[in-house]
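First to last, the sequence lines map onto chains U and E. The numbering of the first sequence is my numbering, which starts it at 1 and goes up by one. The numbering of the second sequence is my numbering, which starts it at 1001 and goes up by one.
In short, the hints are calculated from the structure, not lab data. There's no promise every hint is true.
[Said to hold, decoys possible] Taking CB as the label site, the calculated pair distances span:
# : chain 1 : residue 1 : chain 2 : residue 2 : range
1 : U       : C42       : E       : P1452     : 33 to 43 Å
2 : E       : D1341     : U       : R140      : 34 to 44 Å
3 : U       : R151      : E       : F1309     : 51 to 61 Å
4 : E       : R1442     : U       : K202      : 39 to 49 Å
[Unchecked claim] When the alpha-carbon atoms are kept at most 20 Å apart in a straight line, the in silico DMTMM-like pairs for lysine to aspartate or glutamate are as follows:
#  : chain 1 : residue 1 : chain 2 : residue 2
5  : U       : K148      : U       : E161
6  : U       : K216      : E       : D1289
7  : U       : K216      : E       : D1283
8  : U       : K216      : E       : E1330
9  : E       : K1115     : E       : E1102
10 : U       : K216      : E       : D1192
11 : U       : K102      : E       : E1398
12 : U       : K148      : U       : E135
13 : U       : K102      : U       : D9
14 : U       : K148      : U       : E223
15 : U       : K202      : E       : D1331
16 : U       : K102      : U       : D204
17 : U       : K102      : E       : D1331
18 : U       : K202      : E       : D1332
19 : U       : K102      : E       : D1283
20 : U       : K19       : U       : D59
21 : U       : K216      : U       : E135
22 : U       : K158      : E       : E1323
23 : U       : K158      : U       : D204
24 : U       : K102      : U       : E135
25 : U       : K158      : U       : E223
26 : U       : K202      : E       : E1323
27 : E       : K1240     : E       : E1102
28 : E       : K1115     : E       : E1142
29 : U       : K102      : U       : E156
30 : E       : K1115     : E       : D1058
31 : U       : K202      : U       : E156
32 : E       : K1240     : E       : E1142
33 : U       : K148      : U       : E178
34 : U       : K202      : E       : E1330
None of these values were measured; they are calculated from a predicted model. Even glycine gets a Cβ: it sits at the ideal position worked out from N, Cα and C.
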Amino acid sequence: MPRILVIEDDSATAMAIEKQLRCNGHEVELAANGLAGLALACDSHFDAITLDRMLPGLDGLALVEALRERSIDVPVLMISALSDVDERIAGIRAGGDDYLVKPFSPPEMVARVEALIRRSGASTPDAVIRSGVIEMNLVRRTVLVEGKPLRLPTMEFKLLEFLLRHAGRTLSRKFIFEQVWGYYFDPGANLINVHIGRLRRKLDRPGHLPCIATVKGEGYRLEVF
Amino acid sequence: MRSSEFLRGASGDNVRRIGTSITFRLAVMLGGLFAIGLIVFGGLIYAMTSRELTARSDQILRQEAHLLLAEPAERLPDAIREEIARNMHGLNYFALVAADGELLQGNIPTFPGLKPGQAVDVDEAAGHGPMRLTAVTAATGETILLGRDTSEIHYLLHRLLVGMLLACLSVIVAGLLVGSFLSHGLLRRVHDLQMVSRRIALGHFEMRIATTGRGDEVDQIAASINAMVEDIERILSQVKTVTDSIAHDLRTPLTRVRNRLEDARAAGTELRSEDSIDDLIGDLSIVLDRFAALLRIAELEATERRAGFGTVHVADLLGTVCELYGPLAEDDGILLELHADNTLELQGDGNLLLEAISNLVDNAIKFARRRVWVDARVIAGCVTITVKDDGPGISEEECEAVLQRFYRAGGEAQRPGFGLGLSIVSAILHMHHFTLDLRPGRPGLIATITVPRDL
């Protein structure tokens, strides 16, 4: 079970993060300030850390720098209320691995933490990902829906891979755009809707519920049937 | 107002202010310099005139002495008497003094200290006026004294001196008057400038500083301040528009959220319906998205971020945008056409430019009827990127207005995101020093990004 260290001074936010991570099968340790968080991170092994940008005692940027100076390369998700153009750059430069702006949707936070764990090699990447009737072979670059092959253009393949990796979780349009296309701006709701719509039409089977559900005001979720 | 009247009427404070003004000090300095020049020049003339007239007197005395010495010794007293008789108007004086110092003949007293050949100035005394006096020794051993009246020379030199002093005084007084007059004019304009500036600082941004139209230094300062005030007035007006728009755009969804929550409380029920919760989250998302967009614009406008700058291949950039938005256009039944010169490159932040052009293309697709054209080429030596649609377009007056935050073109109020998108585009391009031009395409709207030739 992956162990996550949550360093957050706001108790309500800390509890929300803890609850969400525990619901998704993670073991969670809490630290309410920077110094306590640094001490915990140095003393025990964690698979990932969620770190508030502004903390009493030791600032989030200074904390992640201190970790990297001690050669502790645990993946760090920085969470901040500060806007995300220059702050994202500062956070990443200091040694953070991903950056999430408050307010955030808890499932997206979990998705980001899991993506970090996967990227850091703590868990070996799968050659085949399955969810319900969909099976994706990342080596052969093939997709099977109910055993029938489905040809997808590159971007749709990447989009489906991302949805499969986070199956059952609601993902915001912005998060999808960042992770699949790699751009950090708001492309407008319609753009992601269209790309999701195209993929959805290819995946859906007559007489069945749609594979990709729209969560109003939040984003999309690949249903696990 | 005449200068004298002005000086009489000036209060002590005014005089102090004039005394410290640059114009006054310049005028006084120039006047002083001129007066010093005049003194040096006049002094030279005075000295040269005095020397020349004295030399002439000495010359005349030497000639007279020469004539007397040529007389036979026994005739010398008679010759002197004749000379005295000939000079009855008293211009020349003569005397014959024996070797023992006794005055033998003449109309001036003896001057025992005077050596032969020496010439001296003698002050006025009883029996003679001021004079130039010299002595020569006759063959008999007697001394001949010869004097020439210098009253006229003294009078001339005195007049010259008085004239010079008057001229100096006039120059100094004129300098003071001109300096005061000029300073008064300048101070009055500076005072006006201060008064208007104070009123502007109090919030009267409609006020402007009056200019004379002569284009002098004060006019130039006034023009600069007027331009600055105009900018401030425009920015404040935009801020007012933005504030009003924020009030509308953020308050509307927030009010809906509050009303729904209050309804739920009044009904004594919990928010069980998934639709209600979705609506609440949707409204709050709108608020957060707009807030994020506002912060992003403020950030782009406030900083000069060059870290992400590099060489951007224009055709690749536009290709990415079209690939991204192609499906969106296709779903709306719109043909997205790209024509880009494959050799074009520019210096910029690729990600930010992608965001800006994506915004323009997104807008074009939203408003187009059938087609959107994206085009990149060199026009007049400048890389020019054009996004054009065949939609309803907007009027020329609206083209300027749409770049302001929150502005929505008439009749399109319900289209989401339009209000801030172009402001973000504008901020990104401004950061790059590129220009964005919007003009009606009849049909549609033509958005043109121009990269200045020297970038």
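Exercise for review: Sort out which numbered hints this structure fails and list those numbers smallest first.
Suggested key: 1, 3, 8, 10, 11, 16, 17, 20, 21, 24, 27, 29, 32, 33
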